[in-house]
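Trainee: Protein chains in written order, with my numbering: chain A, 1 to 354; chain B, 1001 to 1069; chain C, 2001 to 2250.
Treat the hints loosely; a few may be bogus.
[Stated by the list, open to error] Listed below are the simulated DSBU-like cross-link pairs for lysine-lysine, each with C-alpha atoms no more than 35 angstroms apart in a straight line:
#, chain 1, residue 1, chain 2, residue 2
1, A, Lys274, A, Lys8
2, A, Lys201, C, Lys2247
3, B, Lys1054, C, Lys2193
4, C, Lys2152, C, Lys2006
Don't read these hints as lab results, they were simulated from the structure.
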Amino acid sequence: MTEKKLTKGNIALAEGAIQAGCRFYFGYPITPQNDIPEYLARNLPKNGGTFIPAESEIASINMVMGASASGKRAMTSSSGPGISLMQEGISYLAGSEMPAVIVNIMRCGPGLGGIAPTQGDYNQAVHGGGHGDYRNIVLAPGSVQEMFDLTIRAFELADKYRNPTMIIADAMIGQFQEPCRLTPEKPVEFPEKPWALTGRKGRSPRLLKSLYLGDYEQEEHNLFLKKKYDEIQENEVMVEMQNLDDAELIIVAFGTPARVAKTAISLARAEGLKVGLIRPITLFPFPVKQVFEHSARVKNILVVEMNTGQMVRDVRIAAHKDAAIHFYGRPGGGFPFPDDVLGEIKKALAGGAR
Amino acid sequence: MAHIVIDRDRCKGCYFCIEFCPRNIIRISQEHNRIGYFPAEFIEEERERCTGCKTCAVMCPDTAIEVYK
Amino acid sequence: MNAIFKRPDNLTDAATHFCPGCTHGIAHRLIAEAMDELGIADRTIGIPGVGCCVFLYRYFPIDALEAPHGRAPACATGMKRAQPDRIIFAYQGDGDMAAIGTSEIIHAANRGENITVFFINNSVYGMTGGQMAPTTLLGQQTTTSPFGRDFKSEGYPIKMAEMLATLEGVAYSTRVSLHSPKHVNQAKKAIRKAFEMQINEMGFSVVEMLSTCNTNWRVSPLEALTMIEREMIPYFPLGVFKERTGKDFL
């Protein structure tokens, strides 16, 4: 059996980055993600890497762009306001087709916001954030182990699709400790990078850009990107599904609320209420097919989030037209306790299918 | 003996070479070029007065001038 | 007869998009000549900012990364750290460096990033149509300072070369001009020296070039050259503000 070590979520993520071959980190301090830069400041140089405490999140994301353009694995991490500042750079990364990993250990917004666990940045991560017609790949770890494993996966996906990949987690996932295997499950994939800017020696010059002024050039580029996003949607969905076979109600939740949901589901089942779980691990690509297929049969969905209702819209779009969609949200650091969720389960079941 | 060759179709007629030529042996053409500017032209009759000082080429923003000596 | 002046190898055949008489074209040629002479083009990567400089990759046959507005020094930082044996240069205008990108340029310089930055100061935002820049001279009329720049409202023109020279990380900071043959030759030497600073791992180098934007200054190309002499140089003096001679910073 592989050895497990009691590890904090943010540390597992940072160690995952190193083991994914990330050698460049640029970031600016903000709570509740400071463990990540602090760990990497100490440990990246030991692994031949570079850590720069950047002057701002804007500089951070652009330094990531420079290292990434060089063909190296690079990342930055931040929270709420810092991620907002990075959006310009993320849009450029998507437009110029450069990989990068951006971690958001979310704060409660809007504005400066509190530092309690929250999921207020779902829309920002999944539905844009920056300008223009693009998508981020978005991963949502639900445990310390996934903070490690999904960080490795994030670098692989970013490179495979030449696209920015975001990891979004609430502060609970970032800050609590769990036993964690700190070695990769399988060998890390390193795709070739025949586009990297390394100097033209022995080949023709290369260019990474996002400005298209010629007639229809931009449209062509956007349609090309759309094809890529469709391919990601087709091939890269990750989702955890539990207790769906006999379920009369399905909870859809990610991150900490999914963990709470699992407890609530045990409580419900102890009372004879048949409840199952769909936990999206990739938020883009969203598990559209899974939600559709199961909602066609179960027709009763409860979405639990730590916000006022963001992922619920994607569930509504994905779900079967006859499914009733219920929502329970605790924004701004409010917490959905298992008993609360159990109460919502009962309410939803009492309402029955629409 | 020196002379210059001006790439007519690259020239945008800014007059820099004409202004800075110490021998005044460059002038503006009476006919426009392919991109619609009246380009500079070397006065061939004054060819023997060119010293190949490169001043015209140094100031040319479009790198349209070659100098031979 | 031999060619004693011809198009540099590291300038492509592409006709520039610059207006007639724009000295951006001269700056481009000087950089290409310097790359020719130093034999570095195979390992050089250029990072243009946003503005008239953005099409750098059309004119230099080298690898290039298009940076977001003002962020070229941060992109160059990430790139240089990722491949220290490559020559990385950024090419920024005054809006790009002296307005939106002040944070990135100051901190890249202060960290002593071993990169080279070419800075075109033509006192306006050129590509967007001649709006007031931080470098716009007092009294200068632009589309957004239609009554002339007034220090009471818009402050004073910012002197980047002097300001950057105060930072410990800077190896070389100079201001040159592109308005006459003599000054162009001096600019060429400065550009070469800036690259040499990077090749010799001396730290951050920046060359500010006083440049014309006759279209937005609403004057002829020749008149624009005299305006550099008459109006810009008295406020933006030419000279070397810092030059590191040894690795005294180590």
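Trainee: Hint by hint, note whether the structure agrees.
Mentor: Now the hints, each set against the structure:
Distance check on the hinted pair: lysine 274 (chain A) and lysine 8 (chain A) sit about 33 angstroms apart at the alpha-carbon level, within 35 angstroms; holds. Proposed proximity of lysine 201 (chain A) and lysine 2247 (chain C) is supported: the alpha carbons are some 30 angstroms apart, at most 35 angstroms. At roughly 22 angstroms between alpha-carbon atoms, lysine 1054 (chain B) and lysine 2193 (chain C) fall within 35 angstroms of each other, so this suggested pair holds. Note on lysine 2152 (chain C) and lysine 2006 (chain C): the hinted pairing is violated, with a Cα-Cα distance of about 49 angstroms set against a maximum of 35 angstroms.
When the structure is compared with the earlier hints, a violation turns up for hint 4 alone.
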